[in-house]
Structure formats: C-alpha cells, structure tokens
Amino acid sequence: MNVLIPSQLRDYTGGRAQVEARGATLAALLADLERRYPGIRFRMIDEQDAIRRHIRIFVNQQQAPDLSAALAANDEVVIVGALSGG
Amino acid sequence: MNDDQLLRYSRHILLPEIGVEGQEKLLGSSALVIGAGGLGSPAALYLAAAGVGTITLADGDTVDLTNLQRQILHTTESIGRPKAASGREALEKINPEVKVVPLQQRLKDEGFDALVASSSVVLDCSDNFATRHAVNRACVRHRKPLVSGAAVRFDGQVSVFDLRDDLSPCYHCLFPENADLEEVRCAVMGVFAPLTGIIGTVQAAEALKLLAGAGETLKGRLLILDALAMQWRTVKLVKDPACTVCSRVMA
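For the record, the sequence lines run as chains H and F. Number 86 marks the last residue of the first sequence (the numbering used here); no jumps. Number 1251 marks the last residue of the second sequence (the numbering used here); no jumps.
Worth flagging that the hints you see were computed from the coordinates, not collected in a lab. These numbers come from a predicted model, not from an experiment. From the three backbone atoms N, C-alpha and C, an ideal C-beta is built for every residue, glycine too.
Label pairs and their computed distance ranges (CB to CB):
| hint | chain 1 | residue 1 | chain 2 | residue 2 | range |
| --- | --- | --- | --- | --- | --- |
| 1 | H | Arg36 | F | Thr1066 | 33 to 41 Å |
| 2 | F | Lys1099 | H | Ala31 | 55 to 63 Å |
| 3 | H | Asn74 | F | Arg1164 | 36 to 44 Å |
| 4 | H | Asp66 | F | Ala1229 | 28 to 36 Å |
| 5 | H | Glu20 | F | Glu1021 | 48 to 56 Å |
| 6 | H | Glu20 | F | Lys1099 | 52 to 60 Å |
| 7 | F | Leu1228 | H | Gln61 | 18 to 26 Å |
Pulled out of the complex, with its shape left as it was, chain F reads as follows (with noise of 0.2 Å):
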C-alpha cells in the first residue's frame, strides 16, 4: 500500500481483526454484486469504499423514478440510463482506485459462471426468483461463498451460504427452487426505503468480513428483520441432504 491508500484505509487498518494484512486481502479481491437497486447500491457503496479491489456490478435495467426512494447509487440526473453504467460512476466516486466492471445484462444460469468463478465473493442483490436460484447453482458449482439478502415492505432477510465448506446449506436447501412461487415484488408490494439500505449493509458487512477473514459470518443462520417493530430474529438453518442442488455436487 502507498501512502494515500493507509491514510484511506487507516480506520479499518486501525482494526486488529482487518489491519494492513486484512485490508491488503480486500485490495486484491473481487466481488460479484446481482443487482445495482436497493440492496446492491449501499453493498457496492461500501464494498468500493472500504476498497474491494474489483467490484463487477451486473444489473440489466435502466434507472427509473421509482427507483430513486431507496436506490442510492442512482440520482435523479441517471434516470434512463443503465444502472449498471450509472453505478460505476458512483462507484468511481467514492474510490477511484477500485476496477469497476459494469455489466449490463440480466444473467441467466450460464452466464453466471465464469463471473462466478473469476470472484471471491458473490452478493445475490437480485429481484426475483429464478436469479437467486441460478446465482445458487453458480456459486454451489465453482464453490464460492454466496452473501444472499432481500427486502420487502418491512421485511428483510439476510444469510451467508459459504459454498467451500462442504457442511454450508445453500440457498437451495433453505428454499427449494418452485415453479408456482409468485414473486413477492417491492413494484407490487412496496418497500420501505432504509430497510434495503440495512440488509444490503449487513451483506457488505459479511462480504468484507469473508474477504478479510474477519469475525464469524452469518453462514448456517438467516437473519430476518421487521423493521415496523425493528426486531431481529436468527434461525439456524441446515443443509438438506436430499437438495438436489448441493448434495449432487458434493456426492
């Protein structure tokens, strides 16, 4: 590190848990973030201030107005343009010295895989059903820990499924993959602006801790926040021997 880079990074170098060996592992990493709406925008915000060395932003729909309430890599000048392009730029911002790869696509199953398998880390900030399944798939395949988070109305949910470790469940497991499952949507259902800011937080948080080999992540635990009554609950959660997903690649 040169001398901007500790006076940039010198509060989390401050830390025993991440010092200069923790933060160099941040500078030399790269993260994969699903989505540049409510739960990938503070992610990535915090992920390229805190110095993640290649941040690959994937997201294939423009900025909308009704995005901006809780959107926050957005401004009302992006409205239009591709988030994916109008995250980089925010990005860029905050810290010039991290690559930026915007992707401006919405992936499906193969298209995840070298993206996967080129990253330390995945963040799944993603709005539906069939990406959270095909991110799992990914992550399950190339062994790659999976930082998963949602949010709707007042309800968030976040967990780690750290793939290397053959015990981990994964997504899959917890919530097997369902043809009839209508989508429980923020456009139909609403979301309450900070709630997105929260969870994609925590996902930044676990991230920085998996990459720098911090603390204890939430792997085997989903967190669930109702932010109406601002109550936090823990579940454990376990791997399914019969998942078709994970038991099949670890056999």
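Same shape as in the complex, but just chain H (with noise of 0.2 Å):
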C-alpha cells in the first residue's frame, strides 16, 4: 500500500515522499518500513512500542491509536511529523 512520508523521515527512504510497504496491521507494515529502510521504525515508535509524541499516523484520514490498526492492500497510509517552522 502506499504510505506517505514526512519529511523528517525522509533521510531514510533516499529522499522518496511516498513508499510502498505491505502489513496486515500497522504494526506488520512499520516492520516491513523497517526491513525496506532500516532505521526509520525507532523514529516513530518507541521502546513501549507506542507511536511517538511528535508522530501522528492515519489510515484512511482516520488517526490510529496504536500499532493494531487492521490494514487492507488498499488502504493509505499518511505519517505525519509535527512541525514547527513558521
């Protein structure tokens, strides 16, 4: 499915804004992030395995509250990182 990139996290996938990435739950698309980018999982998530404060992920426009959101191949994926720059 294809999930959107902030760009904070765009250092790890070589500058790309939108990725393809595949995951039954959130939790098994971060993964497969991870194995295509390694290093890009720790920024969102932490060692409690929850989404980080700054990070905000939405399936569908709809936020996810954890990383056992149900995906589907259709789905949307949008990540973003809070910004301060004004």
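Combine both chains into one complex, guided by the hints.
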C-alpha cells in the first residue's frame, strides 16, 4: 500500500515522499518499512511500542491510536510529523 | 461603511457569503498574529487588505537578510529593525484604516492571556513548539478559535482548532507537548519560499471565514501539503479525551 513519509523521515527513504510497503496491521507495515529502510521505525515508535508523541499515523484519513490497527491492501497510510517552522 | 469603504471592500461585498454584513464583521474584529515571519507575513497582509479592524502583530525578532527570501512583510531596508514595527508599516501601507498593534516581544505563557482574551481569532504563525503550546493553552482557556500553520522544507500543515466548540480537538490533542522533541527549524532544514505563502494564505482564508461566519473551516481536519509533488492530503482530527490541556478545562 501507499505510505506517505513526512520530511523528517525522508533521509531514510532516499528522499522519497511516498513509498510502498505491506502489512495486515500497522505493526506489520512498520516492520516491513523497517526492513526496507533500516532505522525508520525507531524514529516513529518508542521502546514501549507506542507511537511517538510528535508522530501521528493516519489510515484512510483516520488517526490510528496504536499499532494494532488493521490494514487492507488498498489503504493509504499517511505519517505526519509535528512541524514547528513558520 | 462610508463610500470609500464600500469601494475598497466591494469585491468582498459582492460575495453573497460575505456581503455587507460579513464585511462589517471583519471591520469590527480583532486578530492576533503570532509571528511576523514566513507565515505571518502573507497572513497579516491579507487580513489587513481585507479590512480586519485590529491586527496585533507579535514578534520579538529583528529582520535579518536570511528572512527576505520569504518574509514578504519586510524589505531590504528593514534589515536590523524589529519585525513587528516593520510589519506594521507594510500593513498600514496596504490599508491605513486598519489599526495595527506591534508587539516586539517573544511572549510566554501568561503573556498570551490578555491578548488572546481580547482577540476574535488567533493565528499561530510561530516557529517553535513552546510558543505553539502556550498559544494553544491560552486559546483553550479563553475559548478562542486558533488557526495553526507550519512550514518546513517543502512540507506544510494547517488546521483550525475552534476552541469555542467543546467537541473540537486542540493542538495538544494532535501533538502532545514533548520535552525531548527537537525543533524542525527552517534555519537548519531550509524552507521553500512560496510554501510559507501558501500556508500563511490558507491561514488568512480560514481566519476571515471564521470572522465573517462564512463557509466551513478546517475544524477537525489537518491539511497537509507536499509542495514538491504539489499534493494536498486531508486527515481527520479527533479530540483526545485524555488531553491534559483541553479535557481538563471542559470537565
């Protein structure tokens, strides 16, 4: 499925803002992203498997509260990072 | 409105969604613009041009050569001058009828209270998380609509936290305060000049709609722009029932 990567994490994806990844849950999707782009998961998920406070993950526009969210092949996942610049 | 005002604002008055009544509301409103930089420049210019009665422009910085690539309130002659004063001149040139209050200080928590309480709408055009959270807290306390924008590199975000409504999420519901969080700053990361114009202008549009009571705002939605691909995305925001800022106030 299509995953949107925020600018803070694009160093891991070779600058790409949209990448493909697979997984039946958000946890599986993030594991797949980590396989493809090593190091990216830790920037989003802490040691307790919680989504970091400055990162929000949306599946088909709805915010995913945790990693158990179920995913389908055509879902769109948007990862948003807090921006402070103005 | 006098004849000059009817002419000056005629293109707004022609819009049935605004009309004379909406324009009168704009003239009688006050907006607090926090930050006179990349976002605050276009936002404040449009608010002034559109006739928002009082605009308070708060910024503690002075104009630097590196600002001029995008901060269109200021000119080369303004380098070294306070941004609030330089911005005031630009706003008064575009519309001398507007009362502009320049505030040359970087505000902290209590500093926002009186300003937010006396404003009809607040625009967060700031460049750091501490200010964003302080502004949000003040808007929650005083139940004021907050139009929040941010821009770094080619990425922009904009939303409305309409804190007059108990069901509206606040900024802290979206991004809880986080002491460990490093700032993603334009000074380090760079920023695409017109991105700040696009996001700041969306902020002005949302503020004017809120003031005139026109249309549907971004309440409950976060608009995300990837200006490199020029693609917009919308995600839906929900109130966090455990939010330490807005749930406590409402309880």
